[in-house]
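J.: Here the protein sequences come in this chain order: L and W. Just so you know, this note's numbering puts 87 at position 87 of the first sequence, and the rest follows in order with no gaps. Just so you know, this note's numbering puts 673 at position 673 of the second sequence, and the rest follows in order with no gaps.
Treat the hints loosely; a few may be bogus.
Straight-line distance between alpha carbons at most 30 Å, and here's what the computed DSBU-like set of lysine-lysine pairs gives [to be verified]:
no.: 1; chain 1: L; residue 1: Lys55; chain 2: L; residue 2: Lys90
no.: 2; chain 1: W; residue 1: Lys21; chain 2: L; residue 2: Lys55
no.: 3; chain 1: L; residue 1: Lys90; chain 2: L; residue 2: Lys63
no.: 4; chain 1: L; residue 1: Lys18; chain 2: L; residue 2: Lys63
no.: 5; chain 1: L; residue 1: Lys63; chain 2: W; residue 2: Lys654
no.: 6; chain 1: L; residue 1: Lys63; chain 2: W; residue 2: Lys68
no.: 7; chain 1: W; residue 1: Lys68; chain 2: L; residue 2: Lys55
no.: 8; chain 1: W; residue 1: Lys68; chain 2: L; residue 2: Lys18
no.: 9; chain 1: W; residue 1: Lys654; chain 2: L; residue 2: Lys86
Keep in mind that the hints were calculated from the coordinates and are not lab data. Just so we're clear, the structure is a prediction, and the values are computed from it rather than from any experiment.
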Amino acid sequence: VSKPPDLFQGTLDLLILKVLVLEPLNGWAIGQRLLQVSGEVLQVSDGSLYPALHKLEQEGWIKGEWRATENNRRAKFYSLTRSGQKQLNKEMAHWDRISAAIMRVLTREV
Amino acid sequence: VSRLERWLRVVSLHVRSLCMKNRVEQDLADELTFHFEQEAQRQRARGLSPEAARAVVRRQAYGLEAVKDACRDARGVRWIDDAVSDIRYAVRTFGRNPGFAISTVLMLATGIAASTGLFAVMDAVVLRPFPYVGADRLARVQLLPPSGPVRRASVTADEFRALRQASTLDDAYIRESFTKTLAGSAFPESVWTESYTGNALALLGVQPIIGRVFTEAEASIGPDPPRVAVLTYRFWQRRFAGQPNALGQTLQLNDEPFTVIGVVPAEYSLDLTDVMLPLPMNVGNGATWPAVVRLRTGTSIAVAEAELQTLFEQFARSRENALPRNFRVRLRLLVDEERGASLVPVLTMLFAAAGLLLLIGCANVMILLLARGRYRVHEIAVRHALGATRSRIVRLLLCEALLVTVAATVAAVIAARYLLPSLLDLVPGVIAQRAGRSVIGPTAIFFAASLAAVVAVISGAWPAVAVSRWGGDAIRGASAARGSSVGSVGSGVLIAAQVAIVAVLLAGTGAAMRALVDLYRAPIGYDPTRVTIAQIYLPTNRYTTWPARLAVYERLRAEVSHEPLVEGSSISLIPAGPPPLSGMTTRIDAQGLRDADREVLTLSVASDYFATLKMPLARGRVWSASDDARAEGVTVINETMARQLWPNEDSIGKRVRDRSFAERQNPPWVLNAPGRDGWFEVIGVVRDAPNRGMREPIAPAMYYPYATALSDVAVLLVRTRGNPLAAERELRTAVSRADASLPIILFITPETFMGWQQGEFVTAVLLGFGGVALLLASFGLFSVACYSIAHRTREFAIRLALGAPRSTVLRAALQSVAVAVSLGLGFGLALSVALNSVLARWSIRNMDDPSVLAATVGILVVVTVAATLIPARRATSIEPAIALRTE
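So that you can see chain W by itself, here it is in the shape it has in the complex (with noise of 0.2 Å):
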């Protein structure tokens, strides 16, 4: 109790000498005029004459004032008083000249802006890749057989029942992902929909916006689970267009009523998730679902690992042939698998470019403080002639670059939290799918209250110690010279190192844009020119037998190639697509093949799919309309495959036999063509295209009839007479006079999928970057330059005045300047190339690259001497006589 009394009484003590100040200081001074006068009192009954006593007090008094700052550094909240009394002054100073306020904020704001904005990228994307509760304990359960691929570890009902009840184990759920049939529109549209088990999203903590979840006492293992649906943000928005009553209105899925129940946040639409529905999951009939586990708070892998090896051991012996033999047991931490995407270094790349123009930002706050500082001199003696302390100075200077910090932070966080939204809307596809949950949120605001911090200090500390001391130095009549020349060599320094930071921001923009230009410039194989594709599904539980199919698939190309503004159309199976999207990957064996067992990839194609995409044909011939309808066993290689199979003959007339017919037991959306062995004939060769990517080498690929093996999942290729896009409702029409139910996703052209969009992304930000970069150094070029002359205007004027040449004055003027920019010039150049070594690993290269390496000085040249223009005029335009009266 006496504790709680005795802080309350401290704390409203502090807050009285804070707030009511006059009152303080006016009982400090009666409570020691009293003093005195009672000592005067005591002096006279001693028997001195009350002048005499008097005079005693007086002397005694002498430091009444001593006493009385004494008493206020006592109450300790003197440096509450005194930062607020010097945040005042910066706040006047900053008054009286809002150019270098405005300027100093807006360089710091754009470097904590876009570090905070790529920070809460970084955040979304990589260190908290997902919403869910426990997110970092999520695994995927893997096995290993002692050789060949990972397998994803699948479970049939009675098992998972058993692999929930794990003491290792939280829980476990299962998600699967289908594309569904959504109808009700004017086309039927394709929706993405996940199922879940019943004590999924409660697991996870999936809150609803509205509504509700399902959860698992409605859709437990077993029976069949309700048809109920949980929308995610997005779809609601899009569908229901954000209204309250979509709730209780039915959702018909592939032909099945499913009643809405829910909202759910947009950050659960992960994938791009429209709907959310539970997961059926009959007992007994073998079928299988791949299982995701939470791990226990503090449990590690390897135990984990080690009690679900036991588990599935026992699940192996009540299944048949399931299963590998001698199989380990692997969790794979989702967070892990999301870690490693590709996303991570590109987006690590941007992070760290965004740090680099935040260190722009603060060397030229630290340029522009010192130039300022110069001029200062006279104040901080005539401060220290005051009786300021040194430490005082130094606290006064800090807080004027805190004030900036503080400003440009709030600016830069007000910025990034309402300029994100809408840069995130530009972004492309792949990156925004991850990357749409980024907010300005609170750990974003801490990442830059810190990044200010660090800030504060970094570009306030050395000017606020070197201002300082030139003061100290003036007031004892070291010559003001000193002072100016160790700035200039600060200034120096740091324009050095800002020029190096740029020309690493420089190559690594040009990098990345030499990049982009390979990139536009790879042969693609064929030509895109007003090509579109577009997805079709087929409504599950229809067209289920192999005639039926390639009926309605056939009917689609007929229908399609009629249209007047067709120039030619084809259709691929999934993954098939125009290059450079993949095919299947699959092992073959070949006619005259010594090592077996090769892998290539499988495309189904039309027949003309090379004509449409105008992919030449090096040798041989192409299968006909009528081979296509007769699934006819001949095949069309590409030239990798020809090369590595057959080096040394002809490939033509070569057999060679996909080895999934045999192994496979082809799963229920595939349906193969009667008496088909995998065995087809190679009839044709084809100039090689892209196959796995851009960026990745081509890989051995063979195109066979799509009738051979009918899947339920087909690409449209067409190439229309104008623009594409434009085309597509009457695309839409043609495919539906096929079949009315036929969803379509949308029409896309090639650029979506070349890769290029990112490439473009990187390529945008880093030219942003770059750009601003070089304005910030220029700027601090310039006001380098600026100050040294008009800081050496007297010497200027006395060397013409003796006769210089106004040429060697320039020199003189521009000679610290130019040594700072080709010193900061090399040692970037230099950081680049060894940059470049440390990138490659995450296939960023180019850096050291000559080409670039050259513009990049070239641009810093001229921009160098850009900045440099008007300040040389200036020292060459002196007037001698005008500059030495004005001195």
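If we strip away everything but chain L, and leave its shape as in the complex, we get (with noise of 0.2 Å):
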């Protein structure tokens, strides 16, 4: 099995905030949602991923609620919040400008 790519430093973050405008879900359902997204690219380990969401509520943009499952289980949910709303804007506007650079880069004829 091949390791999925790095993701590049606060990449994480931009898809997590991304995938949460949705929806609130819990850490597990996040991980699923960006697989199926992704079309099974993109595997975010455990490792990665729970350290991303407590730091992504601490800095406020997301913040955890304990719900209830479909199957009545205890989960904690996260959605995002207003300030996590504009840092969205923000990360996907600074994104953008990011990912057309690269595209200049490598499709310029050499």
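The two chains are supplied separately, each in an independent frame; assemble them into the complex guided by the hints.
T.: Okay, structure coming up:
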């Protein structure tokens, strides 16, 4: 099994924020959603995911709440806060600029 | 809003992470458990058997603790957690080893307390010498003539009004000091009053403790101000025992009643002021007063000087003769005057000495931390093995140093706070006047805290780094000996540094003692035993003619000299007094003198002055009592004057003229004898006596009969038969027989004006610092010797077992200490000699004096030997068999 490519520093934060736009999710579900949406490419290890979640929570961009899942299990659900939404917009704009720049570099005829 | 919201959430999360740790941990565990269960479920759904799925999950979850740890880190409060546990650990460590904790805290506390106390004094004397609002913008106006001395610029009432309007100034005020006679107790008392213009107290921001201060509205320029008095705290305590009912009471000052309206705090008694009064300013009689101005914020001195130059030139046009020609206006900041005062170098030096003391304390703490670190190599190694990072261990060790420093600082601030006032009480007059305001307030506490931070870094960093490295070395199997050798080199350097600092401190102390001994030994030109002097102020508005004034002085002399307790007595007019007090500087003409315009000191004294003080005459004679009464034109000069004016001739019979008789318009309080023109015939030469303080060279001086020009302030000089201070009551009674309303300023003995007190104070402080420094350094030396010998017990035991003589072992044991001490001593001596030339600018000399340096070396050698004796005995008394078995 090939290791999933390392994510850029900070990219995981962006992805988590983006995934949480639609609905609050628990940590495991966030991992699954990322995997699913990326077409099984982005597999985030728990060792990266949870520290990232805790950091984002500590920054005040997402907030955690204990709720029951559909199977009636207690789980911590994360949702986007208002400042998290702002942060997402900022980071998306930043990402757009960076990726466009990278594309320009890569597609340039040498 | 969203930012505030976010901030609040972040803060509450931090608080939660810190304070509800169990809850947070539980949440984290629950969250991850849920994750792994979900994951197992998913694996099952993908068709793995439940066992296989759990195995996969277990494999993944192998790092569960690591994930938890990473999450804890991500929460960003980890360092606080760690710090709390470090502090707890450090406290426990100290609890197990209270001797170590107490000694390190004491070592640092001594230095911090000394530095903080002196900082408070420096703050009061040098940094913020005045308690006034905008004190750093207050300036005296001076006039500089093209040649000759600087003059104070005095203004008339009208000019003062114009000055206050100047656009570069906030405002101006006038302060004049007078001693006034306060009647109403057993003996009349002389009080020091300061008269201010009505606007001054509000301008300076003087706030009363009780009652109120006078205002511009009630004490305006022109009409006589109301007779109200504002007391200073010290006078309020002295006269009214601090009773609030002082308000409304009446003070009889110079026979005028003043109503007490308020009391101001102690800090406003800068010049021993007792009472503040409104200044009467009559318009139109031409009287002038020296003004103090306050510059507008942001105005440069040059700009203000330019405006005042124009203003004073206008004043000069409307006045005749009163101002010098072609003067230049100069503004002299009050704080600059104060900072130029002679006290500053002394205080700076003591402050530096306190800093050195603190450095020694730091070095000691480093030595102890290093020494203790050697015994902790195992512990550190175990911590490494359990996964603690190097930086984590350094932090733990730093935390210990920090804890010591914080404890020491708290102890030091408390000690300084409670000791400073009583220590200031011991400080002699001239320093106490200025330093009396020093308190351990917010500034001093802030200083102590900053000092503590520096101290913690200095004394903690190196040991922490070194000890953590030894631990790392130990776990990698490097020889423990390497660690210890690094440590002993380190301790050696510290010992050397300590010894060097102590040497400098001791040399400084020795120099101060030498200077003091020189001062004691310096010839004072008279016999001061059982001599006491008192100042006498004639009441204003009385004795206003020359014959009346002479009569009261003569009556006074007679009454005092008839007192049975009195062996001899005389009188002189201020500023003259017994040596080394100065006289008045005057220019003279002299017969047969080529270059005119010489300056000499003149001293107005009575005929029995020389006999009372036992000042030997070199040639000629002294005038008689009847010459006193006739104000005969005769003078006795000192040897310096005789030598300077007539080097090759006999000075007896020569004539000199005090030009001030011709030049000065005498101030109203000086009454010249009728018909005197200032010419005197030299009839005697008296042996030289210091006349400009004990430290300055002797100036040429002439003494003439006091009746020649009678001022209203005199000094009574008395040699008693017994203890002079015990005779005070009899002397006061004798004075009151001459005139019951004559106030006397307390009787003092010559020691108080010899300049000895300052020398004694400085020496005492330095002696204290030097002693403590010596104690600290010997303690450091002792512990280094102890540790190094204890550490090498095994080596010594083997050597002894192999037949080495005990003296060889002893030498090996003390060699490194001896090397360190000699290096430090050499460096310290070199530093003292080098410092001597720097300090000489502040007339602090003798630090390179061979006897001082020899004494320093002697003391340090004795102390070194004493401090290493016990450990040395231990090294030689090792029983090889026992020592080798216990290792």
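J.: Now, for every hint given, state plainly whether the structure supports it.
T.: Tested hints:
1. Lys55/L x Lys90/L: Distance of about 18 Å is within 30 Å: holds.
2. Lys21/W x Lys55/L: Satisfied, since the Cα-Cα distance of roughly 17 Å is no more than 30 Å.
3. Lys90/L x Lys63/L: The given pair, whose Cα atoms are some 19 Å apart, holds under the 30 Å limit.
4. Lys18/L x Lys63/L: It holds: about 14 Å lies between the C-alpha atoms, which stays within 30 Å.
5. Lys63/L x Lys654/W: Measuring from Cα to Cα gives roughly 105 Å; hence the hint is violated.
6. Lys63/L x Lys68/W: 18 Å, holds
7. Lys68/W x Lys55/L: 13 Å, holds
8. Lys68/W x Lys18/L: At roughly 24 Å apart (the allowed maximum being 30 Å), Lys18/L and Lys68/W satisfy the hint.
9. Lys654/W x Lys86/L: Roughly 102 Å separates the two Cα atoms, so the pair is violated.
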